[in-house]
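With the hints as a guide, dock the two chains, each given alone in a separate frame, to form the complex.
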Amino acid sequence: MLRSQLRRQSHSTASGATHARVQNMVVFSVAGKRLAARTEEIGGVLPWPGTTAVPSDTPFVTSLVRHEESCLPVFDLAAKFNRTVGEEESLCLIVKHVDGPLAICIDAQVPSLHVVPRSEVQYQNGLDPDIAGSCVAGDEQLPLINLATLGVASQRLA
Amino acid sequence: MGLRGQRAVTLSSGQAVRFLVALIGGSSIAFPAQWVHGIVMPASAGSDGLVTWAGMDYERTDLSVRLKIVSKGSSPDTRLILYGNEERSRSFAVDKVLGLLDVERALIHPLPPQFRGKERERLLGFFVDTSSVALIANPFWVLELPLRPHALEMFAIRFAERKPGESDSRLHVPVATVDETVSMSTSPVS
Numbered sequence: 025m026l027r028s029q030l031r032r033q034s035h036s037t038a039s040g041a042t043h044a045r046v047q048n049m050v051v052f053s054v055a056g057k058r059l060a061a062r063t064e065e066i067g068g069v070l071p072w073p074g075t076t077a078v079p080s081d082t083p084f085v086t087s088l089v090r091h092e093e094s095c096l097p098v099f100d101l102a103a104k105f106n107r108t109v110g111e112e113e114s115l116c117l118i119v120k121h122v123d124g125p126l127a128i129c130i131d132a133q134v135p136s137l138h139v140v141p142r143s144e145v146q147y148q149n150g151l152d153p154d155i156a157g158s159c160v161a162g163d164e165q166l167p168l169i170n171l172a173t174l175g176v177a178s179q180r181l182a
Numbered sequence: 255m256g257l258r259g260q261r262a263v264t265l266s267s268g269q270a271v272r273f274l275v276a277l278i279g280g281s282s283i284a285f286p287a288q289w290v291h292g293i294v295m296p297a298s299a300g301s302d303g304l305v306t307w308a309g310m311d312y313e314r315t316d317l318s319v320r321l322k323i324v325s326k327g328s329s330p331d332t333r334l335i336l337y338g339n340e341e342r343s344r345s346f347a348v349d350k351v352l353g354l355l356d357v358e359r360a361l362i363h364p365l366p367p368q369f370r371g372k373e374r375e376r377l378l379g380f381f382v383d384t385s386s387v388a389l390i391a392n393p394f395w396v397l398e399l400p401l402r403p404h405a406l407e408m409f410a411i412r413f414a415e416r417k418p419g420e421s422d423s424r425l426h427v428p429v430a431t432v433d434e435t436v437s438m439s440t441s442p443v444s
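Each protein sequence line maps, in turn, to chains H and Y.
Numbers in our numbering are just positions in the first sequence, counted from 1, shifted up by 24.
Numbers in our numbering are just positions in the second sequence, counted from 1, shifted up by 254.
Hints in this document: simulated from the structure, not taken from any laboratory.
Glycine included, each C-beta is placed from N, C-alpha and C at the ideal position.
Among the hints, erroneous ones may be present.
Below 16 Å or equal to it, Euclidean Cα-Cα: the simulated EDC-like pairs (lysine to aspartate or glutamate) are [what the hints assert, rightly or not]:
(1) Y:350 with Y:331
(2) Y:322 with H:81
(3) Y:372 with H:81
(4) H:57 with H:144
(5) H:120 with H:64
(6) H:120 with H:164
Computed, partial: chain Y to chain H, Cβ under 10 Å [claimed, not checked]:
(7) 323
(8) 368
(9) 372
(10) 374
(11) 377
Looking at chain Y on its own, in the form it has when it is part of the complex (with noise of 0.2 Å):
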């Protein structure tokens, strides 16, 4: 897919959504990037699985297990994301980080009626990019929080409101011994 740093998918007005773009197996896996704390190497994880960063503890969670995915196992791609809000916190194993994606809120499509099994409380929707689909996963679910309605609005940014220049406080991403070909800029999108 080439997500590679960070890109817009047709950012003309209103709103979007910031998302760290992954794969897992052969997936492209969204997460809505604003509870991405850090991305690091796997060795950082103890042998418990925990990855302890800027003083906070991170609990292992399989997400491709969980997702259903069958992962391409370790890889000198792999890397662990720090993932969490206020209430909670986990880590988890992705084949490769493919970069950061402002995708326009009316790109972003739910999954259609057709699928009526839980993949409705793992995935939020997708969008689609110049050569493939992204799923979205829900955040919720992840970090194996209840599930809330309408999740994908609280990460939506109006970049209507942002002045040229300002950078939005709330998406600074650390990154810990990441390639430098993963550049996560936090300039802003115009």
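For reference, chain H alone in the conformation it holds in the complex (with noise of 0.2 Å):
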């Protein structure tokens, strides 16, 4: 369902100048908490499929989701939140992660896509190596979320 929505929307805005000004952004939310994140890091939206438990050390990955003929990893965003999502009413959010596609769950409520202006777009380096900044979408400031990397820089750290 996002996929062809992304499509159009690279689309519209891969020409020069405007692309080189303005970042598209989806926004979804994970047990009520909203984030964004740039569109290019996303892969596919789908229903949720229900997990298999791992016995995993690593923190927040935690389990698979079956996609077609394998499995994915997921990562818990909600955990990293301190939250729970209800995986009844869930969306499997497909991340273009540097390791490989990763699995998040999402809630129910479909992303939104929004086409930012870079200067609504403020990166910083805080304490959570997995949050790149705020960004301006909708009226709303958001926290804007490094999914390509997710769990990556924070182990570094650890």
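Written as structure tokens, this is what we have:
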């Protein structure tokens, strides 16, 4: 559902100066917490397929979801924010992670696409390396999450 | 998962690995079957947990605790797996034995790299069955032996090399006091 929107949007904003001045963002929520992420870090949105628990020591990576012929690891973003997401009514956000595709359980509300002027995006080095900064999307100030490197930088710091 | 007895997951050609699949808690755990020496009732263990079977002692290891999986506890389906190689032997409890499964090597996936912790030592990977996902226990870790790279390769069976009607001598699994629905046939899979 999101993929066709993403494609349309990338066509409309791909050209030169316009592209340089804006950033395409996807806004979604995890257990009620609203977040923004760069569209190029998202591979799609699917119904939540349910998980297989993996006895794991990796923080927040403790299960697999079935995807096509194999499985994807799941990053429990809700747990990272000390929240709990109800899996019964959820969606699966497929992330283009640096280590390979990754699944995140997000709220059932379908993510929305926003074209955000670069001036509305503030990058900052905070305590959490998974948060790139913040942006204003649809009149909301939202944390901007680094989906592509989720868990990588924070684990290096640990 | 419905694995009771012996089945194959898309065996067309090439290499496969035979697993004994069991439930521990809600997880399907697959053990390379060549090191399965037997399956016995919990009552076969002595008060010290030691199982003696066919002149061999099997010291108890609590695999659910080591795997960090909450076991469902003792039930009529609980069995002890006798597991070992020429160096070491162990017994461990599982909540239910599901059966033997031959899985084509190409359908066995390593753990995704996002798993970065000690689970990479405990688990060699996973395979997808029709209705569930089975996690593959590292047999060296199970036996508390030094870990080896590419451990699964030594359990691969090249099916093309076996003639019809020929059974694999490595796969004779003695089954003691297991109900009749768990048929551990060692007939070859064609």
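Does residue 377 of chain Y pass the interface hint, meaning its C-beta sits closer than 10 Å to a C-beta of chain H? holds (7 Å)
At a threshold of 10 Å, is the proposed contact between residue 374 of chain Y and chain H supported by beta-carbon distances? With Cβ-Cβ at 9 Å, under 10 Å, it holds.
Interface restraint verdict for residue 323 of chain Y against chain H (beta-carbon cut-off 10 Å): OK, holds: residue 323 of chain Y within 10 Å of chain H, min 5 Å.
Agreement of hint residue 372 of chain Y with chain H interface, Cβ distance less than 10 Å: With a minimum Cβ separation of about 5 Å from chain H (threshold 10 Å), the hint on residue 372 of chain Y holds.
Taking 16 Å as the top limit, are the C-alpha atoms of residue 322 of chain Y and residue 81 of chain H close enough? holds (9 Å)
Take the C-alpha atoms of residue 350 of chain Y and residue 331 of chain Y, compute the straight-line distance between them, and say whether it is at most 16 Å. holds (5 Å)
Under 10 Å is the threshold here; is the Cβ of residue 368 of chain Y close enough to any Cβ of chain H for the hint to stand? Because about 4 Å separates residue 368 of chain Y from the closest Cβ in chain H, which is inside the 10 Å limit, the hint holds.
Run the distance test for residue 372 of chain Y versus residue 81 of chain H: straight-line Cα separation, threshold 16 Å. holds (6 Å)
Decide if the proposed pair is consistent with the structure: residue 120 of chain H and residue 64 of chain H, CA atoms, cutoff 16 Å inclusive. OK: residue 120 of chain H and residue 64 of chain H at ~8 Å, within 16 Å.
Checking one constraint from the list: CA of residue 120 of chain H to CA of residue 164 of chain H, max 16 Å. Satisfied? violated (25 Å)
Taking 16 Å as the top limit, are the C-alpha atoms of residue 57 of chain H and residue 144 of chain H close enough? violated (20 Å)
Violated hints, listed in ascending order, are 4, 6; each of the other numbered hints is respected by the structure.
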